[in-house]
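Given chain A's structure and the hints, the job is docking chain B onto it.
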Amino acid sequence: MSEAQHGRFLNEVYDDRVVKAFVLATITWGLIAFTVGLIAALQLAYWPLNLNLEWLTFGRIRPLHTNAAIFAFAGNAIFAGIYHSSQRLLKKRMFNDFLSWTHFWGWQTIIVAAAITLPLGFTQSKEYAELEWPIDIAITVIWVVFAVNFFGTLIQRREKHMYVAIWFYISTIITVAVLHIVNSLEIPVGMLQSYPIWAGIQDALVQWWYGHNAVAFFLTTPFLGLMYYYIPKASGRPIYSYRLSIIHFWALVFIYIWAGPHHLLNTALPDWAQTLGMVFSLMLWAPSWGGMINGLLTLRGAWHLLRTVPIIKFLIVAVTFYGMSTFEGPLLSIKSVSSLAHYTDWIIGHVHGGALGWNGFLTIGMLYYLVPKLWNRKLYSVKLATTHFWTGFTGVLLYYISMWAAGITQGLMWQAIDSKGQLVYPDFVQTVTEIVPLYWVRATGGLLFITGFCMMIFNLWKTIQAAPKEEFVEHVTEPIHPKDGVSLDNGHRKLEGMVVVFSVLAFLAIAVGSVIEIYPTLSIHKYIDNQAMVEPWTPLEQAGRDIYVKEGCYNCHSQMIRKLPFDVLRFGKSSTIEESMYDRPFQWGSKRTGPDLARVGGKYPHLWHFRHMNNPRAMVDGSIMPSYPWLEHKKTDFYSLRKKFSVMQMLGVPYSNETVADADKIAEEQAKTLATALSEEIKASGGAIPQNLEQMQIVALIAYLQSLGQKGINK
Amino acid sequence: MSQDNSNEPLLNHEYDGIRELDYPLPAWWLATFFATIIFAFIYYIHYEVSKAGPSSQQELEMNLAEVQALQQKAQDAAPKVSEDTLKGLMADNGALEAGKAEFLAKCAACHGQMGEGLIGPNLTDNAWKNTDGTLVGIHNIIVQGVTDKGMPAWKGLIDEALIQKVAVYIGSLKGSTPPNGKPAEGQVYE
Chain A
73 MSEAQHGRFL NEVYDDRVVK AFVLATITWG LIAFTVGLIA ALQLAYWPLN
123 LNLEWLTFGR IRPLHTNAAI FAFAGNAIFA GIYHSSQRLL KKRMFNDFLS
173 WTHFWGWQTI IVAAAITLPL GFTQSKEYAE LEWPIDIAIT VIWVVFAVNF
223 FGTLIQRREK HMYVAIWFYI STIITVAVLH IVNSLEIPVG MLQSYPIWAG
273 IQDALVQWWY GHNAVAFFLT TPFLGLMYYY IPKASGRPIY SYRLSIIHFW
323 ALVFIYIWAG PHHLLNTALP DWAQTLGMVF SLMLWAPSWG GMINGLLTLR
373 GAWHLLRTVP IIKFLIVAVT FYGMSTFEGP LLSIKSVSSL AHYTDWIIGH
423 VHGGALGWNG FLTIGMLYYL VPKLWNRKLY SVKLATTHFW TGFTGVLLYY
473 ISMWAAGITQ GLMWQAIDSK GQLVYPDFVQ TVTEIVPLYW VRATGGLLFI
523 TGFCMMIFNL WKTIQAAPKE EFVEHVTEPI HPKDGVSLDN GHRKLEGMVV
573 VFSVLAFLAI AVGSVIEIYP TLSIHKYIDN QAMVEPWTPL EQAGRDIYVK
623 EGCYNCHSQM IRKLPFDVLR FGKSSTIEES MYDRPFQWGS KRTGPDLARV
673 GGKYPHLWHF RHMNNPRAMV DGSIMPSYPW LEHKKTDFYS LRKKFSVMQM
723 LGVPYSNETV ADADKIAEEQ AKTLATALSE EIKASGGAIP QNLEQMQIVA
773 LIAYLQSLGQ KGINK
Chain B
98 MSQDNSNEPL LNHEYDGIRE LDYPLPAWWL ATFFATIIFA FIYYIHYEVS
148 KAGPSSQQEL EMNLAEVQAL QQKAQDAAPK VSEDTLKGLM ADNGALEAGK
198 AEFLAKCAAC HGQMGEGLIG PNLTDNAWKN TDGTLVGIHN IIVQGVTDKG
248 MPAWKGLIDE ALIQKVAVYI GSLKGSTPPN GKPAEGQVYE
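Chains as they are written, first to last, in the working numbering: chain A, 73 to 787; chain B, 98 to 287.
What the hints contain is simulated information worked out from the structure, not anything from laboratory work. Take these hints with a grain of salt, some might be off.
To be verified - Straight-line alpha carbon distances no greater than 20 Å define the calculated PhoX-like cross-link-like pairs of lysine-lysine that follow:
no., chain 1, residue 1, chain 2, residue 2
1, B, K252, A, K645
2, A, K755, B, K170
3, A, K492, B, K177
4, B, K170, A, K492
5, A, K744, A, K707
The shape of chain A in the complex, shown without the other chains (with noise of 0.2 Å):
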């Protein structure tokens, strides 16, 4: 029992035990989560790296990164903190221990279905909402328990008040919900394998709406809540300004749901929605800045601390770069900035200077904190924190300076015309080979980064085995009704003390710019013009698709030529809402690695595509590519087209009934055409022809590339 009465007062034993499982998990997941990230890193620097293997490529290997990173290191960071702190803030120890236990395992166990998935190339292809539907249902279930414990120990606490870190988690617990449901409403086409009810723009829309508040709700809610505890129990000072937490928690909460769309800047998503989500990114600057002025002045008079207290530096650290990131997020937002940083590597220094610099670092900070107190034992050596701090630290400025001056040269590459109004750089591989280099000194941030890390856990680990050999169990001894007593309370004051009222609260805050952003795209033929319609996809052409979707070409390739000159120089006529609007999942993609591939269509023969993923260095020399030789020895998967058909079919693509009952015969037919086509192609070339190539993934991939940009007017 977790509670012994001492006459009027209760003893309230809290559950360490768990806060110490997640600890561990974290620490574990950290390390595999940055050294695959580090691989990642390494095979665009030396594209060999990939090892022809089909689970090992980049477009497979990239969302395991970031999902590791962010739900296995990140989220068990945030439960270990969260676990620890809310018990000890409201004087209760956690609701039910099987809760606890169930979300301890049950998101150890997703953690384990998503890194054997993601590899094997089962994928949703929606960035860090990639997880397949079967996944998707046990995230759902596991929240809900945490939610239940959570609101549990909320409703029965012995402190009246809310603290402002139980406000950010409440306000992470309710969003992520919304989110993550919204964002992953799919019907499944097989066990494995499911399409987005969305649709083109409305896809795009709804999954950047969630992206960008993951990042919003699941890396900074949650974290300015541990910041919150963490930061004065380390330096022992009082918290800077109460009401600035009140004003900068609920402005953040209500403006961040809405700056989703300034990932689709200068796309074809309609221009209110680009311009809410410039405007509301601008809005962002001032609530977020609130956040780190009250961490970091909350050591006003004990900046000693900084120079003495390893964890001070990490967490005080942290916050600045929160401070930089909330920076950079809102000037990145502007229209003409992201004309110049979207797809670049800019980006991707961004997301690491807030993902390296204040999630790692914080929960690096919290780590030195709890692992003394748990095991209550001081920690092993004062000195190797430090000499971590100072490691980690110059590998985050390698890794985010490198990926500034990448993303910024490749950038104007991009973008430069010279005065007979062509491309300076025409060559898209030119602009790539320019910025390898910097590709290494990221690795070498990267390695910097992991290194600090590892002296973590030689730190921790020596900790923890000198620690006394009984378990250490922390309670508190308070009053049996310290909520009775009358209250004065008006106010924000009065709401800190109202958890349902305060967590509605939180709810419509949020509730707000979701409906009125995603609402309008769901009548999604409001923006269709009835001229400009295309033909949807024919079945080997969807089947290719699915192929194209399960080797992660959308981690490199955008399909979204932006309403920008050099882009549409470069690669065509802007792309339209109209041609995308039977794509589930859509395919804009977020980065450029490689080329922008809307209008790859018809552009080579189908012997430079069969060649180029056979090895993409023989038709185009520097690329960094990796190469795809199983596509001409693994079967397309025929069969499924009639059910994948059918439920398309349910989800409103125009498709006959004739269509659908024998999708997999007319792909089979497509497929001899094409397969026809090309061996003569390669006879002619003198090359071998692969045996069966009717019934190979490559002509279904080729069949699907050679119809991009081709079903429209725009043809």
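Same frame as chain A, now just chain B:
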């Protein structure tokens, strides 16, 4: 917990030993916040309500018109290509070298390192599919491409002067009979 400092606006809040001060909102911070809000309204109204600012489509068209004007000017200024000017260029070893370098960079992937043909046709024989094999004809194919057959139009991607050098380099390959030549395609022109 907190260090004693009676000047600090300390509130009577306490959570697990954490105390809260209540300093006023920094003025520069408030000013920034209000400035961004005011800017947001003005910007949104300017572009989306009053439509005083151009839409992104209009802006693209204006920008493209500028680029096209530059292209037109450059085209008008460029010397006209004729069989004679190109033949003259063929005598220029420097031009042939430059043409060869560009050929290896852009054309060899499909036409082979020696023009022997691979994905695209053999360029060393006297058979041609889409042109008559004159230097001007070769030049024009490079400029316009054969886009439905996968030969890109290089206009805008390769500078006009360099296209001429590539054309004469290709012209110079005639009859070189490299090994592994692709069988002749199209019509024979003598």
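Hints, one by one, checked against the model:
1. B:K252 to A:K645: Given pair B:K252, A:K645 holds - Cα atoms ~16 Å apart, limit 20 Å.
2. A:K755 to B:K170: Not OK: A:K755 and B:K170 at ~45 Å, beyond 20 Å, violated.
3. A:K492 to B:K177: With Cα atoms ~16 Å apart, A:K492 and B:K177 stay inside 20 Å; holds.
4. B:K170 to A:K492: holds (7 Å)
5. A:K744 to A:K707: Cα-Cα ~13 Å, so holds.
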